[in-house]
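Peer 1: Read in the UniProt record's numbering, the sequence shown has 2 at position 2, and its numbers run on one by one without any break.
I should point out that these hints are in silico values taken from the structure, not numbers from a laboratory. Each hint should be verified, as a subset may be incorrect.
In silico DMTMM-like pairs for lysine to aspartate or glutamate, Cα to Cα no more than 20 Å straight-line [claimed, not checked]:
hint	residue 1	residue 2
1	K221	E15
2	K128	E112
3	K272	E112
4	K128	E171
5	K128	D88
6	K221	E186
7	K30	D97
8	K272	D241
9	K272	D214
10	K124	D97
11	K30	D123
12	K221	D88
13	K232	E250
14	K221	D39
15	K376	D366
16	K16	D88
17	K128	D97
18	K221	E262
19	K232	E252
20	K67	E15
21	K124	D88
22	K272	E245
23	K179	D134
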Amino acid sequence: MLPPLTLPPTPATLEKPILSLHPPWTTIFKGERVTLKCDGYHPLLLELRPISTLWYLGHLLLPSHKKSIEVQTPGVYRCQTRGAPVSDPIHLSVSNDWLILQVPYAPVFEGEPLVLRCRGWYDKVVYKLHYYHDGQAVRYFHSSANYTVLQARASDSGRYQCSGTMRIPVESAPMFSAKVAVTVQELFRAPVLRVTGPREARGAALGGVVLRCDTRLHPQKRETPLQFAFYKYSRAVRRFDWGAEYTVPEPEVDELESYWCEVATATRSVRKRSPWLQLPGPGSPLVPASTTAPAPRAAALAPGNKPLSFRKPPVSRSVPSVTSVPNTTSTGLQFPAGGVPTAGPPACAPPTPLEQSARAPKPDVDLLLREMQLLKGLLSRVVLELKESQALPELRGTPETPTSHFAMSPGTPETTFVES
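With the hints as constraints, model all of the structure from the sequences given.
Peer 2: Here you go:
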């Protein structure tokens with residue numbers, strides 16, 4: 001029996017080639033050249049023939065078929081190997097300014113270092129160097145240096161710029177580079193805690209509720225290992241491990257405690273928490289909590305916070321109390337002897353906008369000003385009385401002798417001599 005015939009793979013089954021840039025900066029000076037390299041996956045069947053590589057500048061097909069080419073023209077570059085899809089693009093910019101801000105061509109993900117380079121014309125030294133993020137200065141260097149964010153976050157995305165001076169031949173005025181947009185890619189989505197199914201949750205086979213911490217990695221980072229931890233309020237019921245599932249013991253299911261999970265990389269450079277999940281009691285339908293629930297940390301630390309209950313509250317059989325209604329007398333609603341309410345607007349009718357504006361408290365500015373003036377006058381009288389009470393003991397305790405006093409006339413700044 002002959003072996004089955006192996007058909008060549010279709011382009012959909014082959015991965016895209018990887019396009020790289022050397023040096024790894026997307027902005028260069030006019031006249032400089034950079035190297036583009038196309039690394040693709042080639043099956044054994046295709047390796048028997050010469051492998052050709054196609055290069056594109058925008059929608060224009062370039063004449064070269066090598067795996068690497070040197071370019072100096074600005075534009076969007078792509079490459080394609082035989083039988084494979086087109087690669088992701090690389091945007092190359094060419095500048096004629098004195099100062100440029102260079103960013104890496106490869107996408108930067110959460111937890112990875114972000115490196116920015118402010119470069120002077122043909123590598124001239126830049127002095128009094130400032131880096132800006134969304135218009136705010138974030139770092140200063142005395143001379144040329146790279147700005148590095150060791151562990152990038154989503155908040156590090158934005159528009160960056162640099163400024164500095166150069167000696168050409170004397171020190172110039174401060175010069176600014178063009179703004180460059182930087183986007184930090186999400187490594188994985190925020191996790192969601194889910195119940196795997198009602199059979200496992202009722203404890204028929206596993207003796208408890210099985211929870212799963214679901215997340216999704218970025219397609220370009222599918223091989224990144226992740227670890228999972230599970231919490232009951234603020235207490236860790238299972239610390240970081242490779243398993244994405246946790247079984248809640250059956251005795252704890254009846255307590256209706258709140259659980260949530262956390263996902264992190266092996267180095268803990270990126271950590272994300274899920275919303276909390278309220279577990280119902282045995283026999284109740286398992287419905288995950290809404291993703292808009294408060295954060296688990298806040299629920300754990302709130303004093304006196306009790307877990308939500310899915311049981312029906314006890315029905316009160318006492319006589320309901322009568323509450324007063326606005327716009328009624330102190331004795332409440334009064335009806336005639338016939339039992340029919342009197343004519344007029346119903347008590348439960350919502351107030352009109354005019355009534356609401358009439359009921360709203362309005363500040364009396366004139367009354368406030370009068371009270372302030374009265375208070376000012378009262379304080380001035382108290383001060384005068386205190387001064388008089390302090391002056392009387394001095395006059396009584398000293399003998400009256402002819403002395404000279406200098407008195408200031410209240411009308412003129414001149415000093416008058418008074419003989420007493």
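Peer 1: Looking at the structure, which of the earlier hints fail to hold?
Peer 2: Failing hints, ascending: 2, 5 and 21.
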